[in-house]
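2 protein chains.
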Amino acid sequence: MKAIVIKNGRGDADSLFISDSEPLPEPLTAGTALVKVSAFALNRMDILQREGLYPLPPHAPSILGVEFSGVVEALFPSDMSQFAVGDAVFGLAVGGAYAQFIKCDIRLLTKYPAHDPKIELSFLAAAGVPEVWYTATQALLYIAEIHKNSNNVKNILIHAGASGVGIAALQIARSVLGPDAKLFATVGSDKKVKALQELVPCTAINYNTQSFVDEILKATDNKGADVIVDFIGQAYFQKNIDTVALDGRIVMLSLMSGAIAEKVNVGTILRKRCRIEGSTLRSRSVSYQSEIKKLFEEYSLPKLLQGKFVNPVDSVFKYTDIIKAHKYMESNVSMGKIICVVDDTLQTAA
Amino acid sequence: MKAIVIKNGRGDADSLFISDSEPLPEPLTAGTALVKVSAFALNRMDILQREGLYPLPPHAPSILGVEFSGVVEALFPSDMSQFAVGDAVFGLAVGGAYAQFIKCDIRLLTKYPAHDPKIELSFLAAAGVPEVWYTATQALLYIAEIHKNSNNVKNILIHAGASGVGIAALQIARSVLGPDAKLFATVGSDKKVKALQELVPCTAINYNTQSFVDEILKATDNKGADVIVDFIGQAYFQKNIDTVALDGRIVMLSLMSGAIAEKVNVGTILRKRCRIEGSTLRSRSVSYQSEIKKLFEEYSLPKLLQGKFVNPVDSVFKYTDIIKAHKYMESNVSMGKIICVVDDTLQTAA
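For the protein sequence lines, the chains are Z and Y, in the order given.
Mapped onto the working numbering, the consecutive letters of the first sequence carry residue numbers 1459 to 1808.
Mapped onto the working numbering, the consecutive letters of the second sequence carry residue numbers 1459 to 1808.
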């Protein structure tokens, strides 16, 4: 099969090239499917992995790519009740999506209703759904459990609010908590403040010109945010503790500013009785990930399919233009998913 | 009534004195009881409160004392099904136990089976049960949920292992997790290593001569401790993160070393996907505390009454010797609860 591989195993975007002779992923073990990839989406971890900087789970294939949409080509065993050959699906994988075929655990596949004319989510855009929406689901529902505490959770802060996960998280929070909840998001420019507030009703804070700690304490009568979703790490660790409400929860998903916090007032953790929890998605077991998928299918999938939740697509490339696509992601101007089309019969307009 | 009060509202142990003319606590609101105090126990927070250094919950009375045993003198309403006038009880209070009478919420009272000759826990010793056992129950069952995760929790680390809460926590952990679980405890001397290991089967580590991080990683094949209960704060914050296992939980209950941790690797929180949760007991709502009480009554009370769990009593004073009792606690030589007898008809031998 054709697949995108990295010259010498690691390197910059120019090291990527299409190999014509990659072996099909095999063998199909019980509970797996071979899916003909229609499209895959790019993620920042793909860049880190390409550069050899991502700590890969031991069972990850060397081919990049963790999310895709496609058509079931083979199943093992072949008489599964949930899926049949020819089904349109999309899903999460531990790797291998930058290819014509991918082997995946069927517990991580979601059916795409290809023949329903009322569906607002395109098959191309579906390739960019799992990573972002599972991560947001994991943070807000699985870890912070806002759906179980919707009476107590009144204020939420999402850092990197204009990121894919941020936009998904804001929509989930609004949907679960209703119109009275206060949703705060940090973004890096006034332009993004405006764009984000048009996409989801929320209070966006430009972290370059405003203190999110001050703004949120002011807006909540010094109560603070009941739930904080963080991607920033060291630079925000103390600020998040200062911002969180009594009995609040801080979920840490990434370390965009680095790992070492210089001074932490752990007394505030005690006094506020708060919970800080670090988490990742890719390193998790399939059974953990499939629990997240179930929550996703319950709380977000119907709204995504109906167009009530949006998963913005920034741009669509042919997979043969993968170097261009990676360089575009590295330029940091995208807002929304970057999709690559593998199946030439699909239109490249999402 | 007689009660112990503090000259000028705050001061050292010598400021304590018996007042003959304190008003009875009133009024009895619905769901409360007036209890004639038989004995109360001392806690370190009493010393802080006496010195004016404890951040009191707003509804706390000025009289010290958060745990007691006694006899129900009055109930409102008087026809409660759970309790009757004359019942022997023990319980937790937000304050006011250093007195002849205390008003308390009946949701925080536990019946003491005074007429059962097989009971191994004395009525005096019962006064020293709630604070320690509720706190250990809160940490291990309510927050770390080891009873719900007993298949995954194999290793536990209890700091301040020879403290009252430490000894209670080790017994609860052993009982819930069974003989194969590895229990680690930090203590401050080789003498305490020996004494603790005789009381509860565990690995006690002298933090003055050994590195608990190294010892626990070595003893668990670098897996680490699934649950850590901390009372130390800043000095152990990073060390706990270095010691906790993948998906482990750290419960912070106190700050014996202070509040400001320098250079915290928050990246390890993410990589280990661990949860850090601060908690306190006294600042909590009665409904929260009563949930802890229910878990205590389910998992620990029967074993305490039968003598299968021990709650060591270090010494017993007459309440008129309160100055001596406080000075004794301040001398830091006690190992076990310090009890003060209010009802002269009770023997002063626990």
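Hints listed in this document are in silico derivations from the structure and should not be mistaken for laboratory results.
Beta carbons are placed, not taken as given, at the ideal position from N, Cα and C, and that holds for glycine.
Treat the hints loosely; a few may be bogus.
Derived coverage of chain Y by chain Z (criterion: at least 3 residues anywhere in the stretch with Cβ under 8 Å from a Cβ of chain Z; other residues may be distant) [stated by the list, open to error]:
{"hint": "1", "region": "1553–1560"}
{"hint": "2", "region": "1689–1701"}
{"hint": "3", "region": "1736–1750"}
{"hint": "4", "region": "1778–1787"}
Quick partial rundown of chain Z residues pointing at chain Y, CB under 7 Å, derived from the structure [what the hints assert, rightly or not]:
{"hint": "5", "residue": "P1481"}
{"hint": "6", "residue": "K1681"}
{"hint": "7", "residue": "I1727"}
{"hint": "8", "residue": "S1743"}
Right, here's what the structure says about each hint:
1. 1553–1560: violated (count 0)
2. 1689–1701: holds (count 3)
3. 1736–1750: holds (count 4)
4. 1778–1787: violated (count 0)
5. P1481: violated (32 Å)
6. K1681: violated (16 Å)
7. I1727: holds (4 Å)
8. S1743: This hint is violated: S1743(Z) lies away from chain Y, its Cβ roughly 11 Å from the closest one there, beyond 7 Å.
When each numbered hint is compared with the structure, violations occur for hints 1, 4, 5, 6, 8.
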